[in-house]
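Numbered according to this note's numbering, the sequence shown terminates at residue 307, and the numbering increases by one at each position without gaps.
Worth flagging that the hints you see were computed from the coordinates, not collected in a lab.
Honestly, I wouldn't trust all of these hints.
With a straight-line cut-off of 30 Å between C-alpha atoms, the simulated DSS-like cross-links for lysine-lysine are [what the hints assert, rightly or not]:
#, residue 1, residue 2
1, K31, K304
2, K46, K164
3, K173, K160
4, K55, K304
5, K160, K283
6, K304, K46
7, K283, K31
8, K164, K304
9, K245, K173
10, K283, K46
11, K245, K304
12, K55, K283
13, K245, K55
14, K31, K46
15, K55, K31
16, K304, K283
17, K31, K245
The following label-pair restraints were derived from C-beta to C-beta distances [stated by the list, open to error]:
#, residue 1, residue 2, range
18, V145, P188, 16 to 26 Å
19, D107, Y187, 12 to 22 Å
20, E176, P244, 34 to 44 Å
Virtual Cβ for every residue (Gly too), placed ideally from N, Cα, C.
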Amino acid sequence: MTFSPLQTAPPWVFCMMAQTRLFNDREAYMAIKAIAMDIDGTLTNDQKVISPRTREKLLAAQESGIKLILASGRPAWGLHALAQELDLQNHDGLLVAFNGAHVVDAQTDEVLFDQAMPADELHRLSDHLRNFDVIPMISLGRDLHVVDSYRCMITLPDGSQKNIVKYERDACDLKIREVESLHEVVDAYPVDKLLTAGDPAYLQAHYEEMYAPFTQTLSGMFTADWYFEYTAPGIDKARALEGALPKLGIDASEVVSFGDGQNDKSMIEWAGTGVAMGNAVDEVKAVAQMVTANNNEDGIAVALDKLLG
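Given the sequences, and given the hints that come with them, work out the whole structure.
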């Protein structure tokens, strides 16, 4: 199997990066044992659903013995519906939640890895964020904890407004729990991630100030134009996979990963085959071995047709 020359290929199909090894040898495809995928902007289209073509391709890969892994900034509960749609619970699939802070076996619900944020830093962060026009949220189990569920509108670049608390609740099938202060949540439970939401323009202007006091003690990153998230130091999707997969006899060289956002970069670099979606940010495309179609054009299925036949 060979790829079409770049000069004759559609602009989104497998633009090979300068550092890429060539994938002309079918033996390279036969070594794939796991497929790791981001959710929003990668596995799902802009309507937040998996297209029939992508679903069928992933189910066929799974039936052939390839393990499927959902790797997202979402809480674990927010991955369950998609995991069931892809039948991960009957094939020992994995759920990587909170950008790598929490890993669960989809079949047994066994927690394979969990790294909570330092409580003292969370308290300090909660106080610090009061200086900014952002909406902090903490997900625990099926609950989404917020201080003010009515102060929740953000303005997108096109001028439209989004009820961001409702958006997060619906996307992850959560229940809103209003609290007087996030400090009470931190005092009561281990917290894997603190999510802040805000107008994209505001976050771009202020995220460095929001993160500056915590660069040595917490990880921070954009996961969408309107989300800036904090986790424990050193947490990312690659670290989660690196910790969980060797126990299952799977090496990084045997993994194909798909992503589009800043929080996918480590996973794209780590995997034997890193594939950026056509809609990925430039820094993800720069480290990927291949660039496929976008999330509205069956990008995962297009890539797997090339890799698996």
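Okay, the hints, checked on the actual structure:
| no. | hint | result |
| --- | --- | --- |
| 1 | K31 to K304 | holds, 16 Å |
| 2 | K46 to K164 | holds, 15 Å |
| 3 | K173 to K160 | holds, 18 Å |
| 4 | K55 to K304 | holds, 12 Å |
| 5 | K160 to K283 | holds, 28 Å |
| 6 | K304 to K46 | holds, 25 Å |
| 7 | K283 to K31 | holds, 23 Å |
| 8 | K164 to K304 | violated, 38 Å |
| 9 | K245 to K173 | violated, 34 Å |
| 10 | K283 to K46 | holds, 22 Å |
| 11 | K245 to K304 | holds, 28 Å |
| 12 | K55 to K283 | holds, 23 Å |
| 13 | K245 to K55 | holds, 26 Å |
| 14 | K31 to K46 | holds, 26 Å |
| 15 | K55 to K31 | holds, 15 Å |
| 16 | K304 to K283 | holds, 18 Å |
| 17 | K31 to K245 | holds, 13 Å |
| 18 | V145 to P188: 16 to 26 Å | holds, 20 Å |
| 19 | D107 to Y187: 12 to 22 Å | holds, 18 Å |
| 20 | E176 to P244: 34 to 44 Å | holds, 42 Å |
In summary, the structure is inconsistent with hints 8 and 9 from the numbered list given earlier, while agreeing with the others.
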